[in-house]
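**Q** For the protein sequence lines, the chains are A and B, in the order given.
Position 60, counted from 1, in the first sequence is what UniProt numbering calls 60; the numbers after and before it change by one each time, with no gaps.
Position 159, counted from 1, in the second sequence is what UniProt numbering calls 159; the numbers after and before it change by one each time, with no gaps.
For the record, the hints were derived by calculation from the structure and aren't laboratory data.
In silico SDA-like pairs for lysine to any residue, Cα to Cα no more than 20 angstroms straight-line:
hint : chain 1 : residue 1 : chain 2 : residue 2
1    : B       : Lys90     : B       : Pro4
2    : B       : Lys192    : A       : Asn130
3    : B       : Lys120    : B       : Glu110
4    : A       : Lys38     : B       : Asp189
5    : B       : Lys153    : A       : Asn130
6    : A       : Lys120    : B       : Lys153
7    : B       : Lys152    : A       : Glu121
8    : A       : Lys38     : B       : Thr145
9    : B       : Lys337    : B       : Asp29
10   : B       : Lys38     : A       : Glu149
11   : B       : Lys24     : B       : Leu396
12   : A       : Lys152    : B       : Val78
13   : A       : Lys90     : A       : Asp101
14   : B       : Lys152    : A       : Glu82
15   : A       : Lys152    : B       : Lys38
16   : A       : Lys234    : A       : Thr113
17   : A       : Lys254    : A       : Pro154
18   : B       : Lys38     : A       : Ile188
19   : B       : Lys217    : B       : Leu371
20   : A       : Lys120    : B       : Lys152
21   : A       : Lys120    : B       : Thr145
22   : B       : Lys38     : A       : Cys183
23   : B       : Lys152    : A       : Asn130
24   : A       : Lys152    : B       : His39
25   : A       : Lys38     : B       : Lys152
26   : B       : Lys370    : B       : Phe208
27   : A       : Lys38     : B       : Glu185
28   : B       : Lys3      : B       : Lys28
29   : B       : Lys153    : A       : His122
30   : B       : Lys234    : B       : Glu247
31   : A       : Lys152    : B       : Asp94
32   : A       : Lys223    : A       : His194
33   : A       : Lys38     : B       : Ala147
Derived contacts from chain A toward chain B, CB cut-off under 10 angstroms, selection only:
hint : residue
34   : His39
35   : Asp40
36   : Tyr41
37   : Asp59
38   : Val129
39   : Asn130
40   : Gln131
Note that beta-carbon positions come from the ideal geometry of N, C-alpha and C, so glycine has one too.
2 protein chains.
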Amino acid sequence: MRKPSIVILGGGYAGLMTATRLQKQLGKDEAQITLINKHDYHYETTWLHEASAGTLHHDRVRYDIASVIDRSKVNFMVATVEEIQSANNKIITDAGEVPYDYLVVALGAESETFGIQGLKEHAFTITNVNQSRRIREHIDLQFATYAAEDEKKPERLTIVVGGAGFTGIEFLGELGNRVPELCREYDIDPKKVHVICVEAAPMILPGFDEELVKYAKSKLESKGVEFRIGTPIKEATETSIIVGKGEEEVEEIKAGTIVWAAGVRGSSLIETSGIENMRARVKVNHDLRAPGLDNVFVIGDCSLIINEEINRPYPPTAQIAMQQGEVVARNLTALVKGQQEGLETFTPDLKGTVCSLGEDDAIGVVFGRKLTGTAASFMKKMVDNRALFLIGGLGLVLKKGKFKFF
Amino acid sequence: MRKPSIVILGGGYAGLMTATRLQKQLGKDEAQITLINKHDYHYETTWLHEASAGTLHHDRVRYDIASVIDRSKVNFMVATVEEIQSANNKIITDAGEVPYDYLVVALGAESETFGIQGLKEHAFTITNVNQSRRIREHIDLQFATYAAEDEKKPERLTIVVGGAGFTGIEFLGELGNRVPELCREYDIDPKKVHVICVEAAPMILPGFDEELVKYAKSKLESKGVEFRIGTPIKEATETSIIVGKGEEEVEEIKAGTIVWAAGVRGSSLIETSGIENMRARVKVNHDLRAPGLDNVFVIGDCSLIINEEINRPYPPTAQIAMQQGEVVARNLTALVKGQQEGLETFTPDLKGTVCSLGEDDAIGVVFGRKLTGTAASFMKKMVDNRALFLIGGLGLVLKKGKFKFF
Ligand SMILES: Cc1cc2nc3c(=O)[nH]c(=O)nc-3n(C[C@H](O)[C@H](O)[C@H](O)COP(=O)(O)OP(=O)(O)OC[C@H]3O[C@@H](n4cnc5c(N)ncnc54)[C@H](O)[C@@H]3O)c2cc1C
Ligand SMILES: Cc1cc2nc3c(=O)[nH]c(=O)nc-3n(C[C@H](O)[C@H](O)[C@H](O)COP(=O)(O)OP(=O)(O)OC[C@H]3O[C@@H](n4cnc5c(N)ncnc54)[C@H](O)[C@@H]3O)c2cc1C
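With the hints as extra help, turn the sequences into a complete structure.
**A** This is how it looks when you write it as structure tokens:
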């Protein structure tokens, strides 16, 4: 009898968790497992704000997928997925076609610019290692150029961050620590630097505890961050952003660096895959299968899970992505072993949320308790280490973990 | 009786040597000494190719001038000289006017582009710390951008160095070591990188021993450097250089980075100073005074010293600049102490020349002996340390010296 083939797209939190669990649960003869990822490394998407600001080197943020994969059970293919043909049970990659019996789509998120003019061309996004180190180098060069040029352009020292959600705030926290370093590095007066957060909503971190939000805002302001809330970005140009001011007016803010951190959507490959979706995200069944497709699972940022208590989707997180990976691995194991009905239902088990404000500070609600400062920062690093532990065990934690707690 | 005031312009090799010698030779009551420099730090101009390539951090290349100056004797002023008025015995700076009784001009060199179109706008020059770290950051960003962009521009990975003289070759040597690091850093195939040296003359390192030149060329070629000799640069654009090809034709070489290392001239301030000069360099008298001016000394790269054996100027070097500083300090001491005639004549004492080919390799002629490889590289570091020793003593050598010999 032919072994069924399982193909996993994406080696992020969701995909890699699925692969590492499957390799424990299935014998060599039970299935042929293929993991396809763009790079030979996995990166911690939740740490990319640090690599982008330059507070953590990007090599600290990634590790070889080969180091956590059992090659005797999982065929690891470094390739870029170009098309998902769910009608033909086939994947098109830049390294050839891959047919599947079972598919796991875990391609993560893409940036969403909501059609705002110029953002795609002129703003950076914190979406992967390549983009993050480019942001870092771009900011470095702005400072170096400012120091070297005869006619100084003050806007080189202005960094605009669009969006005061999780990613925006965490990036601002890192910038708060990084800017003084850059000023020392390039002999620049810190007073000349402007870090501006522009947010359309009337508050920062919507949905977060009010007291914690206040703490975060005042801590970031003390590090020099200027907030412009209730201020929508209308357009980005090569040298500035144009924001709304009141009902009618607009204002131009000159800026050497624009980082857009205000929106994500699922992988655009989903839109042409034949899988039912909304903005490239799939509202999956309880067992994490795509509607109407018995052999396709969609997890991580590509999936949409409804919180039935409030009838709104859960915000996509690494926490949920990894938990989904575990459930999908068990459901696939059941399917491969012949079970047809009663697959496991996925229910998020949310332990809390911590938002970093830089190396040394954070806010969070963990097991229902509010935390700030070093306690929250400690928890954040524990969460980061936990992700490593779940995928690669203690060895990976020791190699890549964060231990500088205070 | 009023103390005579001595003003030294520039805290490079020549100026700082003058200041540190003078503070030993003159008592507090004998003269008022002022050193004016653009920055609060001295940098090793002879190490700038390393800071530019990114093989040595720019903080390793500079130190605080205050740490080698005796503040009780030398008034150190951080200011940019804007005009030298030799007719009025007065200096104009961005921090005010400074009158002098005796002047030492030691403002170093500027890049000379020989009127080649576009070079000023589009090429970098290895002229000071500000420019060097900008080159480094620019190259870094080219690699980071190449890794991140969807439609890759291969020319981002092309670095053109104009000029195969000392500075050009030393910079190429560093790039030879740096490029593999950059490729690892940004996950780029080294085969995609092109480092091209374009030189109008029919050979590299004109004037250097032929056998050593051959060694240098083949070592650099083995590190991936491509030489285009006998090839004049006609023009630089934002994205390329245009070079001559045969008699009539031209060729465009696309390049993300263009570094012009082929020509230097004296400080342009000399041209409006009322001091006789040729291309901003002053053909000084034997005692290092400017022709016709009894109270103005010009030293370092701003001076022109003729080698009478061959009736051609000595190439400007740090070695000569420092020796001139010593002589000027003695001559000024004599003048201040009332001696009017018979000032000391300057004669360069050339111990040899070493040209670095990167951290681990060099070529040189030292005390008449030819050296290559680690022996030459060792000598190079000894020369570098000697400059520190002469200005700041053993303490400075220990703090800033180069000890990684092999
Ligand atoms: C700066 C930042 C901070 C965050 N902080 C937190 C936090 O503190 N806590 C939290 O829970 N969540 C956080 N998140 C959200 C979290 O990172 C995501 O929810 C999580 O990464 C989703 O996991 P995933 O497996 O779906 O996608 P990812 O982990 O992003 O993995 C997607 C994988 O797919 C690969 N891929 C993509 N396209 C292709 C293709 N065409 N071909 C081949 N491979 C492809 C990618 O290379 C990548 O390896 C943060 C996000 C960001 C950006
Ligand atoms: C990459 C490179 C490698 C080299 N390698 C060697 C080598 O191996 N051996 C060797 O002997 N020579 C070498 N040289 C040449 C050597 O560096 C110069 O000959 C030497 O620096 C000249 O010394 P200087 O004191 O005249 O000028 P510098 O040492 O350049 O000092 C000039 C000073 O003047 C200051 N200044 C300039 N303009 C103003 C202003 N308007 N107002 C105030 N301050 C101002 C500058 O900040 C600087 O501190 C090299 C040069 C380069 C660029």
